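Chains as they are written, first to last, in this note's numbering: chain A, 144 to 427; chain B, 34 to 277.
Certain hints may be false.
Said to hold, decoys possible - Distance condition first, Cα-Cα at most 30 angstroms in a straight line; then the derived DSBU-like pairs of lysine-lysine: (1) B:K52 - A:K271; (2) B:K209 - A:K287; (3) B:K93 - A:K271; (4) B:K200 - A:K283; (5) A:K288 - B:K52; (6) A:K287 - B:K200; (7) B:K93 - A:K288; (8) A:K288 - B:K209; (9) A:K287 - B:K93; (10) B:K123 - A:K287.
Claimed, not checked - In silico negatives: residues of chain B with every beta carbon more than 12 angstroms from chain A: (11) I86; (12) L137; (13) P150; (14) E151; (15) M172; (16) L196; (17) R206; (18) V215; (19) I218; (20) I228; (21) L232; (22) Y246; (23) V256; (24) L264.
Treat the hints as calculated values from the structure; they're not laboratory data.
Predicted, not measured: the structure shown is a model, and the values here were computed from it.
The C-beta atom is built at its ideal place from N, Cα and C for all residues, glycine as well.
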Amino acid sequence: MVSKPDRVLIELRKVSFKYKGATEYAIRDISLRIHEGEFVLVVGPSGCGKTTLCRVFNGLIPNFYEGEFKGKAVVCGYDVAKTPTYILSKYVGMVFQEPENQLFFSTVEKEIVFGLENLGLPSNEIAKRLNEVVEYFKLKPLLKKAPYELSGGEQQKVAIAACIAMRPKVLVLDEPTANLDPMSAKDVIDLVKKLNRERGLTVIIVEHRVELIAPIATRMIVMNRGRIVRDGPVRKVLSCEDLVSKGVAVPKVVEIYFKLKAKNINLRTVPLTPEELKQELLRG
Amino acid sequence: MLKALKSFKYIEKSTIIHKLDPRSKILSTILLSLGVLVSQKITPLIIVTIFCIILAITAKSLRQLLRVIRGIAPWAAFIFLLNCLTGSDKLMLSIAMSIKFVSLAAVFSLFFITTSPEDFMLALNNLGMPYEYTLAFTMAMRFVPSLARDLQTIIDAQRSRGLELDKGNFIERVRKYIPILVPLIVYEIRRSFMIAEALESRAFGSGKRSSFYKLKITYRDFVFAILSSILLAVILFIDIALPW
């Protein structure tokens with residue numbers, strides 16, 4: 144890749160936000176930097192501010208949602224407080240939990256074209272990008288179908304494709320697999336992984352299925368009550384024993400790691416997959 | 034009536050009529066419905082109805098059109114009766130009035146049967162209507178099935194808690210729909226926020242939109258428009274010249 148590996152794409156400095164009419168801040172004093180190419184997993188109990196944080200990344204907060212915004216958030220060089228979402232959406236693609244509510248048209252093709260039209264691209268460029276994502280996401284058989292005829296997994300794939308067609312630098316996914324069955328969830332996550340590895344796309348994903356993302360993420364952020372309580376490489380964060388008390392569903396293999404530790408069997412590192420656990424055990 | 038409304042649903046077919054530019058279809062619909070509204074006699078109204086049926090056959094959509102006509106038949110009969118009762122010695126006019134209703138319905142439903150909502154909206158955009166308005170309409174059509182499903186889910190949920198929708202007199206039944214409508218409205222408001230959020234995230238609202246889909250007028254559209262104009266002239270002529 145040509146790009147510099149440590150380029151900062153998102154920088155938040157002491158960002159707090161309180162929704163209009165709310166008594167408490169949804170997020171408080173959040174400071175973080177996200178670099179190009181990172182794969183960030185964000186976890187935490189419901190209502191801890193994960194979704195609010197995602198909304199800051201593409202400027203829905205403070206532009207779409209009214210409330211009290213403090214601190215400074217810079218995304219791809221733009222101050223989000225001064226930049227409308229339609230400009231930021233060129234840089235930050237956003238995929239939401241409910242696939243149905245982000246698909247508005249009667250065919251998959253029109254769905255992908257919509258964002259490109261909004262960017263004001265000429266027809267030949269739209270056709271080019273349409274072909275490109277159709278090829279990459281293997282959407283050809285779905286192109287003329289109505290989004291509501293598709294399965295949840297396919298819908299989410301189309302939603303991601305529609306974002307990617309706009310060529311964002313960052314893809315933010317807010318619980319993209321919450322309404323999917325385990326198999327479709329894995330398909331969607333594999334697709335996101337592919338985008339990160341092959342295209343160097345920066346990914347920020349909020350997900351409760353930690354065991355699915357932990358092996359592929361490069362960084363893990365744990366939130367609780369509107370604050371970031373842990374932030375670091377996945378293995379390091381998962382080796383903190385207090386995660387469960389912070390409302391994080393740690394993967395089974397990590398639980399086993401701690402149970403072994405309690406019985407004085409110390410593995411070298413926290414395993415992220417059953418295979419890793421097996422290897423570690425065989426080594427010992 | 035509900036069945037008649039369902040027949041308005043657009044089904045994609047590849048026929049000459051479906052492929053016509055929506056603008057020429059709008060023009061023809063306006064011309065024909067003007068002719069129908071002005072006409073007071075039976076012959077021109079029957080001609081329009083037959084014209085619609087021929088078009089429906091060409092568009093391979095005769096069944097849909099007939100379903101619409103069957104759906105509104107009781108209303109046509111009602112109009113006929115009402116006219117007979119209110120005026121004396123006006124049998125021909127009463128018949129004309131009910132045929133008028135049928136032919137008007139045929140003209141409009143033929144348009145919606147053969148034109149996709151998106152093409153219709155694109156035509157309206159081209160005729161100067163702002164994109165925001167037509168998008169709202171397209172999305173309203175798109176979310177009808179979702180709304181129907183939400184409604185069913187809420188009905189099922191409330192029924193499983195013991196709500197009996199089928200019991201009681203009219204007023205009691207209406208009152209029983211309150212615990213269904215309140216959650217539905219709340220949920221749809223939340224849904225509309227989610228949709229608005231997703232729209233914004235796809236760069237909607239930047240103001241300098243381009244349009245990928247373009248309408249194209251061909252010689253067929255000219256032929257169709259001229260044909261409709263001639264038909265209008267014939268209707269007007271017969272209406273003035275013939276006794277019925």
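Evaluated hints:
Restraint check for B:K52 and A:K271: satisfied, since their Cα atoms lie roughly 25 angstroms apart, inside the 30 angstroms limit. Restraint check: the Cα-Cα separation between B:K209 and A:K287 comes to about 41 angstroms, which exceeds 30 angstroms; the hinted pair is violated. Taking the CA atoms of B:K93 and A:K271, the gap is near 35 angstroms; set against the 30 angstroms cutoff, the hint is violated. Proximity of B:K200 to A:K283 is assessed by CA-CA distance (about 50 angstroms); at most 30 angstroms being required, the pair is judged violated.
The hinted pair formed by A:K288 and B:K52 meets the criterion: a straight-line CA distance of about 19 angstroms does not exceed 30 angstroms. Between A:K287 and B:K200, the direct Cα distance comes to roughly 44 angstroms. Violation of the 30 angstroms bound is thereby established for this hinted pair. The suggested pairing of B:K93 with A:K288 holds, with an alpha-carbon distance near 22 angstroms, which does not exceed 30 angstroms. A threshold of 30 angstroms between alpha carbons decides the hint, and for A:K288 with B:K209 the separation of about 38 angstroms lies outside it, so the pair is violated.
For the proposed pair A:K287 and B:K93, the alpha carbon gap of about 21 angstroms is at most 30 angstroms, so the pair holds. Straight-line distance between C-alpha atoms of B:K123 and A:K287 comes to about 53 angstroms, which puts the hinted pair past the 30 angstroms bound. Listed as outside the interface, B:I86 is consistent with that label: its C-beta sits roughly 28 angstroms from the nearest C-beta of chain A, beyond the 12 angstroms cut-off. The beta carbon of B:L137 sits about 27 angstroms from the closest Cβ of chain A, which is more than 12 angstroms, so the claim that it is off the interface holds.
The non-interface label for B:P150 is inconsistent with chain A: the shortest C-beta to C-beta separation is roughly 7 angstroms, within 12 angstroms. Not every beta carbon of chain A lies more than 12 angstroms from that of B:E151, the smallest distance being close to 6 angstroms; the non-interface claim is violated. Not every CB of chain A lies more than 12 angstroms from the CB of B:M172, the least distance being 5 angstroms, so the non-interface label is violated. With a minimum CB-CB distance of about 26 angstroms to chain A, B:L196 clears the 12 angstroms threshold, and the non-interface call stands.
The non-interface label for B:R206 is consistent with chain A: the shortest C-beta to C-beta separation is roughly 30 angstroms, beyond 12 angstroms. Its beta-carbon lying about 20 angstroms from the closest one in chain A, B:V215 satisfies the requirement of being farther than 12 angstroms from that chain. For B:I218, the shortest C-beta to C-beta distance to chain A comes to about 16 angstroms, beyond the 12 angstroms cut-off, and the non-interface label holds. Its closest Cβ contact with chain A, about 5 angstroms, brings B:I228 to no more than 12 angstroms, contrary to its assignment away from the interface.
Taking the minimum C-beta to C-beta distance to chain A, about 7 angstroms, the non-interface status of B:L232 is violated against the 12 angstroms cut. Here B:Y246 does not stay apart from chain A, with its beta-carbon only about 8 angstroms from theirs, under the 12 angstroms limit. Every CB of chain A lies more than 12 angstroms from the CB of B:V256, the least distance being 28 angstroms, so the non-interface label holds. At roughly 32 angstroms, the least C-beta separation between B:L264 and chain A is larger than 12 angstroms, which holds for a residue marked as non-interface.
Violation of the numbered hints given earlier is confined to hints 2, 3, 4, 6, 8, 10, 13, 14, 15, 20, 21 and 22; the remaining hints are satisfied by the structure.
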